[in-house]
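J.: For the record, the sequence lines run as chains A and B. Using this note's numbering, read the first sequence as starting at 1 and increasing by one per residue. Using this note's numbering, read the second sequence as starting at 428 and increasing by one per residue.
No lab work stands behind these hints: they were computed from the structure. Ideal Cβ placement from N, Cα and C applies to all residues, glycine included. Keep in mind that the hints are not guaranteed to be accurate.
As the list claims (entries may be wrong) - Listed below are several chain A residues computed to face chain B (Cβ distance under 8 Å; list not exhaustive):
#1 Ile191
#2 Leu192
#3 Ser194
#4 Ser257
#5 Asp261
#6 Ser331
#7 Gln390
#8 Asn393
As the list claims (entries may be wrong) - Listed below are the simulated BS3-like cross-link pairs for lysine-lysine, each with C-alpha atoms no more than 30 Å apart in a straight line:
#9 Lys597/B x Lys509/B
#10 Lys597/B x Lys260/A
#11 Lys260/A x Lys509/B
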Amino acid sequence: MKRLAPFMLGWLMLLFGNPASADLTIEITKGSDEAIPIAVVPFGGQQLPEDIAQIVSDDLAHSGQFDPLSRSTLIASPTTSDEVRYRDWRAVDSNYLVVGQASQTDQGYRIQFELMDIYGERRMLGEAVNVSANQLRSGAHYISDKVYEAITGIRGAFSTRIAYVTAQGAADSRRFALHVADADGHNSQQILSSREPIMSPAWSPDGDKLAYVSFESGNSAIYIQNLATSQRVQVTSFPGINGAPTWSPDGRKLAMSLSKDGQPEIYVMDIGSRSFQRLTRNDSIDTEPSWAPDGDSLVFTSDRSGGPQLYRYSLGSGESQRLTFTGNYNSRGRYSPDGETLFMIHRGNSGFSVAKQNLDNDRLTILTDSQWDESPSVAPNGSMVIFATQQGNNGVLGVVSADGNASYRLPSAEGDVREPAWSPFMN
Amino acid sequence: MKFKPYAKSLAVAVSLAVMAGCSSSGGTQDGSMDGTTAGGQGQGGVTTGQGVSGGQASGSQVGAGQRAGIPDVRTIYFDYDKDTIRPEFESVLNEHAEYLRNHSNAQVVLQGHADERGTREYNLGLGERRAQSVERYLSVQGVSSSQVDVVSYGEERPAVQGHSEQAYAKNRRVVIAY
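Kindly generate the complete structure, drawing on both the sequences and the hints.
T.: Spelled out as C-alpha cells, the structure:
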C-alpha cells in the first residue's frame, strides 16, 4: 500500500494561512487523432469532496495521448475489476478502463484503483493510495501518473508543478507576481509580488527552490528563493543586466547572462563559493543559457551572426558551435530530457512559434501556429512543452505535445500570464 | 512513492543562510536574507509569500524630475531591431547633454526598452544596446560618465499595450530619467 507523502508541506501551510490566488483553467485547443480511447469510471465507495475519476480523465486528455470517453457513454459503473465485463467496454471501443473506490481512514482517505486492458482482458494495475483530505487532487494526479506510465511506458508528469509570472494593472499601478501551481493550473500560490518586473523563473533540480530575476532594487538582480520557507537570497547584482538564470543538472551551479563587461555574456556561478566563470567573449548579445542534461555543455542564444541563433558551448573544449541555421531568428533553447531534441522560439512566416530541432539530423519542426510565443519549458518526461503566448491582448500559457499533435491553453481570469517554467519530478 | 522529509527543506534553508553569510568572491553585492516569513516586506515594494503589500515602488524618478530647467522631452524612439539614434532625436539629446554639462550634480538613468517581439531575455539585451547608444552619444557631447547609469527593461515595461506596429514604435524607446 502506498502513502502519498506531502511533497510540498510548505505549500499546504501557506494555503491554510491565505486563500489561494486565482487558479488557471484548461481549454483544449487541439486534440490528437491518434489519442487512445480510455474509460475512467466514477469512483465508488466513500463520497469525496473531489471527483477523482474526473481529475484522472482530464489529466489523461490533456496529455493528448488519450481520448477519455465522456461520462454519458459509460456503459456500466464497476468499481473493482471483479465487476468488469470486458465485452461491454469493447462495445464502446474503449481500449482501457480505470475503476476505483475510496474509503475513509483515520488520517484521510484510502483510494484503490485498477487499470484494465480491455482487448487483452487483463488487469494491468491494482494499487491503493492514502491521502489526507487536502491532498485528494495530488492523489488523483498520482493515479494519472501510474495509468499513463503503465500504458505508454513513459513516466507521468501530472504530479509536477509550474512556476509563472503575472502582470496586472497599467503603467504606474502595474504589479508583477511570481506564482507556483500544480501542472493543471490548480492550487496556485503567489510566492513573490513586486511593483518592478519579475522575470525568468528557473527550478532547482530538486524542485525545492526557484532562481529568478527581479528589478526591485532598480536594476535586474538574480535571487534564489526557497519555496517551503519563502527565504531568499540575492546572488548577483552587477551593473547592467543580471539575467536568464538556469541551474546545472547537479544543482551546484547557475548559468546566467551578465552585461557587466559591456554586453551580455554567459557566466557560470558556483552557488557554494560564489565564484564566477566567464564562458563567452565577443561583442554580441549572449544570453538564455540552458544546460544539456548530461551537464557537459550549454545551449545559449547569440546574435554574433547578425540575428539571434542558438549555439552550444562545450565545457570541455571551451568552444562554441552554432546549432540553428533555419530562419533568421532562433532563441531560448531548451533540451528534451534525453538531450536529443532542442526546443526553441523560431520566427517563421506567421510570427514567433515554438519549434523543435532534432539534433541528429538538424531538422526543424514548427509545433505551434501562434504569432507571439515565448519562453518554452519542457515537462520532465519530455512529453509536453509549456510556453507563453497571446490570446487577444492577454498573455496566456499554452501547452503543446512534443510531437505538436495536441495542445491546450491555461488562461487566467485576470491580467497577463507569462514565463512558465515546468518543475522537475517532485516525488 | 518516496517521502519528502521536511528536514530536507530545513537543510536547504540552512544552506541558503550559510550562502547569505559567506563573503562574496565574485564582486557581487552579497545578499541579505529578507522575507523570512510569508508576507515579509522586502525592499522595493516586494512581498514574498502571500501577504498583501502596501509598499511603494522603488526607483521612481517622480519628484527629482520636477526640477526646473530639465528638458521636457525625455523619451526617444528607435527603429525595429536598431539602436542607432534617429536624426530627429539628436536635438533632444543635445538639450540633455547641455543640461548635464551645466549641472554636474545631476544624474540620469537611461532606461532602455524593446517591443514585445522576440524572447524576453534577448530583448533585455536589445534594450540595453539602445540605452548604451544614448550613453555614447551623451559622452561624445561631453557628459561625464559618472552622471549616467544604464538600465534595460527589455519588453517588461511597455509604454503602450497591444500588438500593432504603432504600439511597437512607442515601446522601442530610451527614457532619460532624472
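J.: Look at each hint and say if it fits the structure.
T.: Here is how each hint holds up against the structure:
1. With its C-beta approaching chain B no nearer than about 6 Å, isoleucine 191/A sits inside the 8 Å limit, and its interface hint holds.
2. Using the Cβ-Cβ criterion of 8 Å, the hint placing leucine 192/A at the interface with chain B is satisfied: the shortest such distance is roughly 5 Å.
3. Checking serine 194/A against chain B by beta carbon gives a least distance of about 4 Å; that is within 8 Å, so the hint holds.
4. The closest approach between the C-beta of serine 257/A and any C-beta of chain B is roughly 6 Å, which is under the 8 Å cut-off, so the hint is satisfied.
5. Because the closest C-beta pair between aspartate 261/A and chain B is about 12 Å apart, greater than 8 Å, the hint is violated.
6. The beta carbon of serine 331/A comes within 5 Å of a beta carbon in chain B, closer than 8 Å, and the hint placing it at the interface holds.
7. Annotation: glutamine 390/A was flagged as interfacial toward chain B, and the flag holds, the nearest CB pair being 7 Å apart, inside 8 Å.
8. Hint on asparagine 393/A holds. Least Cβ distance to chain B is approximately 6 Å, under the 8 Å limit.
9. Pair hint lysine 597/B plus lysine 509/B holds up; C-alpha atoms about 14 Å apart against a cutoff of 30 Å.
10. A C-alpha spacing of about 28 Å is found between lysine 597/B and lysine 260/A, which places the hinted pair at or below 30 Å, so the restraint holds.
11. Only pairs whose Cα atoms come within 30 Å are accepted, and lysine 260/A paired with lysine 509/B is accepted, the gap being roughly 21 Å.
The structure is inconsistent with hint 5 alone, although it conforms to all the rest.
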